[in-house]
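Asks: Modelling step: build the complete structure from the supplied sequences, incorporating the hints.
Residue numbers (my numbering), protein chains in the order written: chain A, 192 to 449; chain B, 192 to 449; chain C, -15 to 205; chain D, -15 to 205.
Accuracy of the hints is not assured; some may be wrong.
Each pair of labels, with its calculated beta carbon distance range [said to hold, decoys possible]:
(1) D:Gly82 x A:Leu437: 42 to 48 Å
(2) B:Glu287 x D:Pro179: 47 to 53 Å
(3) A:Glu329 x B:Gly210: 37 to 43 Å
Partner residues aside, some chain A positions facing chain D, computed with beta carbon under 8 Å [claimed, not checked]:
(4) Gly292
(5) Val295
(6) Ala312
(7) Asp360
(8) Asn364
(9) Ile392
(10) Val393
(11) Val395
(12) Pro400
(13) Glu401
(14) Pro406
(15) Val408
(16) Phe409
What the hints contain is simulated information worked out from the structure, not anything from laboratory work.
Treat the numbers as computed from the prediction; the structure is a model and nothing was measured.
Every residue gets a Cβ at the ideal spot worked out from N, C-alpha and C, and that includes glycine.
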Amino acid sequence: MLNKIFDSFDAAVADIPDGAVIAVECWGYPATAHNLIAALKRKGTKDLTVITHTFIPQVFSEDLATLPSVLLPQMKKLISPIVGIMRLGAGGFLREYVEKGMEVEVMGHGTLAARLYAGAAGLGGIYDPVGVGTIVEEGREKRVINGKEYIFQEPLKPDYAFLSGHKADKLGNLVYRGNYRSDQPMMAMAAKTAIVEVEKIVEVGDIDPEHVVTPGVFIDRIVEIPPDGLGTPEKGAAIIQQLTQLESVRDMLFGKIE
Amino acid sequence: MLNKIFDSFDAAVADIPDGAVIAVECWGYPATAHNLIAALKRKGTKDLTVITHTFIPQVFSEDLATLPSVLLPQMKKLISPIVGIMRLGAGGFLREYVEKGMEVEVMGHGTLAARLYAGAAGLGGIYDPVGVGTIVEEGREKRVINGKEYIFQEPLKPDYAFLSGHKADKLGNLVYRGNYRSDQPMMAMAAKTAIVEVEKIVEVGDIDPEHVVTPGVFIDRIVEIPPDGLGTPEKGAAIIQQLTQLESVRDMLFGKIE
Amino acid sequence: MKQRLERDVIGMRAAKELQPGDCVNLGFGLPTLCALYVPEGVRFQTEAGLLGYGRLVMADEVEKADWHYIDASGRFCTPGLGMAIFDVVTSFIMIRSGRLISVMGGFQVSEKGDLANWNTGGDALGGTIGGAMDLAVGSRRVIITMDHNTKDGGYRIVKKCTYPLTARECVDLIVTDLAVIEVTPKGLVLKEVAPGWTAEEVQELTEPKLVIAPDLKEIEL
Amino acid sequence: MKQRLERDVIGMRAAKELQPGDCVNLGFGLPTLCALYVPEGVRFQTEAGLLGYGRLVMADEVEKADWHYIDASGRFCTPGLGMAIFDVVTSFIMIRSGRLISVMGGFQVSEKGDLANWNTGGDALGGTIGGAMDLAVGSRRVIITMDHNTKDGGYRIVKKCTYPLTARECVDLIVTDLAVIEVTPKGLVLKEVAPGWTAEEVQELTEPKLVIAPDLKEIEL
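Replies: The following block contains the structure:
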């Protein structure tokens, strides 16, 4: 049997070359492959293109959990529908990098999903209705089909997907939990190599075939998060405490209605 | 609460007008909305376009289960990757209908899936790599993207999807079983109206949120298959017995290796 | 100066547009107020993959926050009865295929129903798109809740948006602190005004010419 | 006349191409013979949405047939340990993204690796495409198992296919009852011959010119 289990996050990212395209989920703070991001930061890989749902500043301690934005100094391009947090000045924190040459490509979240699907299914491109008449159409081909305007969007085919899962068996069959699912299944399928960090590695047969979300064939490398890893439930609780101290985001995170 | 539960299959298809486009799964014999097909046959709706994975002759009794091909006299167009069974003469059984004007559109199964996705996601079209250099590209636009040829394929947006599910709750949250899942989730999402026949209707909360395959918002009408309905486990067993009597298909269905 | 509606009253009025069985995506800020006033049987969606999530975790029960469950505004929520979890591809099919109603905030709405609600700056770094463009284009019905005017009294309901667009000709209904306005092929139709306000007064604070509904009335809650 | 390989020997030889950990889609007919000879750890996929299904239900145990589980050839199978169930969209992503190896039957293979295996008639009614086009275009490796010649002795390995194509330039390896032939940019390379057959004899039964591998050998099983 092919062994997909890696002992360390550093080993799991060891072969990632400069210039690689990395897809990594970030739904604010959860659903992120914190440990793999940290390993890629340690490795120092350069000229990265990062595809992510949310790209926001690291507003809590990096030794609790890490967001894709810790890779900023290593990036040449960002592809994301959410660039920053409005109440923290939106994407302003990127300006210094953009001025130094980093490219930023924005689009609607559904367009990102559709482009990842297109990459996964081997399509040459899609005609997308979202973004017509907006900044998204700048520099892109447009076409009228049956009287309606569409934008040509290219497929996205990441070299690597960094995933955060709940449980994986040794074949890579994977389940997520709650919002952690998010963009991750399609990122896994669109990427050449998918690496997942999971709370628990289980035996083959422990996951009901009906409940598998990402079939094992899409998963290439698996690392179990150790007790002292990033983004554990304990560290999650600590992060939530840190966030409640931050005037700027506290109201946003908890059910206060403004 | 919106009531999605219908008492009869006839009521569930009562509003389907002549000329409707119906997507209905058929994976040979299982995974088919037998009762809805039978109801549409009774209703006699004309000029149907049928989108199905497999379109084969009805080789067993129609009072046990019905395949999409029972709708042949009511059809003006068939869209399907599997037209017939090779050992029964492939699509020859359609020839009399084709000669009377029925249109047949064939393509690879993955292209069907991608076109249903395109319909569901509101895309104007996709560039598909499958079918280049084959009969599939006839009459279709082609385009070279990054040095590779693709075929422009239009989205498929059925008016109705006829689904066969395992369990649905009253909100329409739906799970399938085994191969029954197949094309059905994307058919449900691509269709304007999705109608499902299920083995059992359960209470809201009885399906774990992590295990829902088709979220309820995609399901418009639900009918529970009664004990005397088509395609029940008992009738399934009878069909399997009938099939084993058929020299032409028996070897194909059971594990004999030729 | 006359009284404008309180923010929660705007939310209450927008909530009146929602029926049991509707599935709704609520945008950041003002729209979230709707959640307090909707009838039983309305279910909420977050584009990150939940439909029918339950109550929010409030600031005084932080210890209950489980970051596996986050609503469309990024707030901690709880699993709801009959909830479904799905991936983002499924989520945006839901959004794009007209199965949802969207209640969003707005910076500007034009007389044709163009929406600008994602960006107040001059470039892509000036805001975040998120699911807004998909919701604006795809929702069965797009309801915008916003203040009728800018803080310095400028128009928000305009002939042509000056902020970067979210989508063209997508808005169905505008609910403000002064009025309820429907976007129709004939133009913006003033349907309801805040108590004590006249159609003329609302028109003055609105750039494009309003069509006055024959059955114009005071906002009812 | 010399002995050609039995059908199950063709399957046995094709199975040698598969390694533990490989995920494989087996076409109708001849390719299914592979399943009997593959090493432990090879998993089978059906495009209708199973990966890692278990043993087939045989004709003498019809009562065990559960039509929720059907393999890629439409036969009843059983759930396997570690199986995953998924929809067809996911299935064809699996197929198109090069994650699978495909073993298919063939009517004709051209010297460039074009494949014709779906249709022997003159129009769309002459055969069924199913997943074949996707598998041919997308698989990491396409292995064709077929008789080297037609029943009346005609070529199946041809300069140009006369039957409707499944896909262009897609075949990697051809395993027949006479030979193992690799499709390379330099042409068809004859790697192995059936016991008792010479390269010249195989060439005579093959339309395009074969490149003889320097290490040409007898088929080993």
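Asks: Please go over all the hints and tell whether each is borne out by the structure.
Replies: Hint by hint, here is what the structure shows:
1. D:Gly82 x A:Leu437: 42 to 48 Å: 45 Å, holds
2. B:Glu287 x D:Pro179: 47 to 53 Å: 50 Å, holds
3. A:Glu329 x B:Gly210: 37 to 43 Å: 41 Å, holds
4. Gly292: 32 Å, violated
5. Val295: 27 Å, violated
6. Ala312: 5 Å, holds
7. Asp360: 6 Å, holds
8. Asn364: 5 Å, holds
9. Ile392: 13 Å, violated
10. Val393: 11 Å, violated
11. Val395: 4 Å, holds
12. Pro400: Status holds, d = 4 Å.
13. Glu401: 5 Å, holds
14. Pro406: This interface hint holds because 4 Å falls under the 8 Å limit.
15. Val408: 5 Å, holds
16. Phe409: 7 Å, holds
Hints 4, 5, 9 and 10, counting from the list given before, are not met by this structure.
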